[in-house]
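Quick note: the sequence shown uses our numbering, first residue 2, plus one each step.
Bear in mind the hints are in silico, worked out from the structure with no lab data behind them. Computed from a predicted model, the values in this text were never measured in an experiment. For each residue, glycine too, the CB sits at the ideal point set by N, CA and C. Hints may be right or wrong, so weigh each one.
As the list claims (entries may be wrong) - Distance condition first, Cα-Cα at most 25 Å in a straight line; then the derived DSS-like pairs of lysine-lysine:
#, residue 1, residue 2
1, Lys145, Lys271
2, Lys131, Lys505
3, Lys355, Lys396
4, Lys386, Lys144
5, Lys439, Lys522
6, Lys365, Lys439
7, Lys381, Lys437
To be verified - Have a look at the derived ranges for each label pair, beta carbon to beta carbon:
#, residue 1, residue 2, range
8, Arg126, Leu465, 13 to 23 Å
9, Leu133, Gly595, 22 to 32 Å
10, Phe99, Tyr140, 25 to 35 Å
11, Leu104, Leu465, 29 to 39 Å
12, Asn115, Thr391, 51 to 61 Å
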Amino acid sequence: MKSLVKILKYIKPYQGYAILSVSSNLIQVVLHLLSILAFLPLLSLLFGDAEPVTVEPEFDLSSDYVEAFFNYKMTPYIESSGQEGALMFVCIVVSALFFFKNLFRYFAKFFIANIRSGVVRDIRRDVYDKILVLPLAYYSEEKKGDIISRITGDVQEIEWSIMNSLEMLFRDPISIIASLVFMVGINAELTVFAFILLPISGFIIGRIGKSLKRTSSKLQVRMGELLSNVEETLTGLRIIKAFNAEGQANEKFKGINEIYRNTMLSMFRKRDLASPMSEFLGATVMMLLVWYGGNMVFDASGDFTGPRFLAFIAMFFQLLTPAKSLSTAYYNIQKGAASTERIDAVLEAENSIKEKAQANPLVKFDSAIQFDHVSFAYGKTEVLKDINITIEKGKTIALVGQSGGGKSTLADLLPRFYDPKSGAILLDGTPITDYKIKDLRALMGIVSQQSILFNDSIFNNIALGLENPNMEAVIEAAKIANAHEFIEKMPEGYHTNIGDGGGKLSGGQKQRISIARAVLKNPPIMILDEATSALDTESEKLVQDALYKLMQNRTSIVIAHRLSTIQHADEIIVLQDGEIAERGTHDQLIAENGVYKKLTDLQTFS
């Protein structure tokens, strides 16, 4: 039940609605039981098992009081109107009780709906908040499809399984307790006998519930695999078609889909066993009670009469309904527990990029960035080894080398997407871990090789992260990025939606939008990660011109494969196998006739 406890903490902000729902359920249960007990005095009087009551009984919380009170109220009707009058009286009373019972039943559902919808919203909000703050390293170990599955399918499973059971948890224990109180009042011995039988059926239900939880956990994992496969297919659809790999992709999906189907089938079979199993066990308990209680009625020496026995059976039958609902709720909670654990795995994931409690604010960049004996590793794979670089304000530093040499990783350490394994990165002589992360990243603009754009308007993509941006500033940034001309030709100009990932734009257009976004931010530090490597010659020239404008009067870290774009850098750092192999200006490195010279010889300069 740990999963239920974790969910219940989300109910605290809605405790007012919870109190109203519980109160409504309590009134509903009392009215429901009274509607049943209303028949007991009628049966006694009609069968002649009770004397007419002419004196109002003293109040007492027991079935005897209820019976005596109804006898007292019905006696005048029987004396004046006979059995027909008593029957009419009981029908009117029971109808009124059922009306108010269902009215409060609606109120209970009305109030709990606020809890259900609010808790699901809050869980999904917390998961999304955590997704935003977790470091990039977390996602290198997780599948995107599985993360999507958790914030969609798993949260929905909690709504269907656990939240759908909240009403039962608020209502049914009250109904069971109230029923037991009246059952004890009717016959304590028979109630004890029922108590002996019920735990046996509860044990059987519990065993099936644990098995259901395990199967449900597997099902959610399979759903994550399914969504990951779909996400990969949509991302790589162009390649799949180009290599005629539709058949392979289809077979792979069929295999994953079949595994999901078999797991789901197993879960359905276990879940669907809950209702018939609990009903059969309840019927078995009922028959044993009928046998045991019938013998008590047949015993002439006892005072347990037929009408009281019928009332007890009716009351026990009403107890079975909430007991069965609770068993169903238990199954649902076990089923939803797997989803709760998967969501908790995200919510409780450790954020390795931690901000100090008394982190310093950072407003400006004054002098230099220093990488001081910095080393980094992905797991056991060492990527950077004892890196020492000083980047003075206003200088342009280029990082070159073979793929996998650690260039992008080195740049990612500066905005603290990752933290070094050893060593430190200093900004104006202070370790960047001493600054507020938000302030640190506010000083930086990033243009990556792959343009990251969102399914929104051009205006909102350029103004990403800024509060109250104005159109004039956005247009000016677009002009600097050589993007204004093609934007004006779009159907709705700057308010044109560019589609998923900017799919309505060419590669060069997307990159210029990314540059305009960096220009508008106007940061003192720029990180350009192979910003032109994926472009054609014409687009490259436009983008390169925009980058030159962007880098003016800024401190820049440029990662480049096309060495012609960084010949004028103040210093070129050549990384090889995570270490600095060479460093210097373009002319110095050419003169050394080393690694850099070999790289330039492999490329044709325009």
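Verification of the supplied hints:
| no. | hint | in the structure |
| --- | --- | --- |
| 1 | Lys145 / Lys271 | violated (30 Å) |
| 2 | Lys131 / Lys505 | violated (31 Å) |
| 3 | Lys355 / Lys396 | violated (29 Å) |
| 4 | Lys386 / Lys144 | violated (29 Å) |
| 5 | Lys439 / Lys522 | holds (14 Å) |
| 6 | Lys365 / Lys439 | holds (13 Å) |
| 7 | Lys381 / Lys437 | violated (29 Å) |
| 8 | Arg126 / Leu465: 13 to 23 Å | holds (21 Å) |
| 9 | Leu133 / Gly595: 22 to 32 Å | violated (43 Å) |
| 10 | Phe99 / Tyr140: 25 to 35 Å | violated (56 Å) |
| 11 | Leu104 / Leu465: 29 to 39 Å | violated (52 Å) |
| 12 | Asn115 / Thr391: 51 to 61 Å | holds (59 Å) |
Consistency note: the structure conflicts with the earlier hints numbered 1, 2, 3, 4, 7, 9, 10 and 11.
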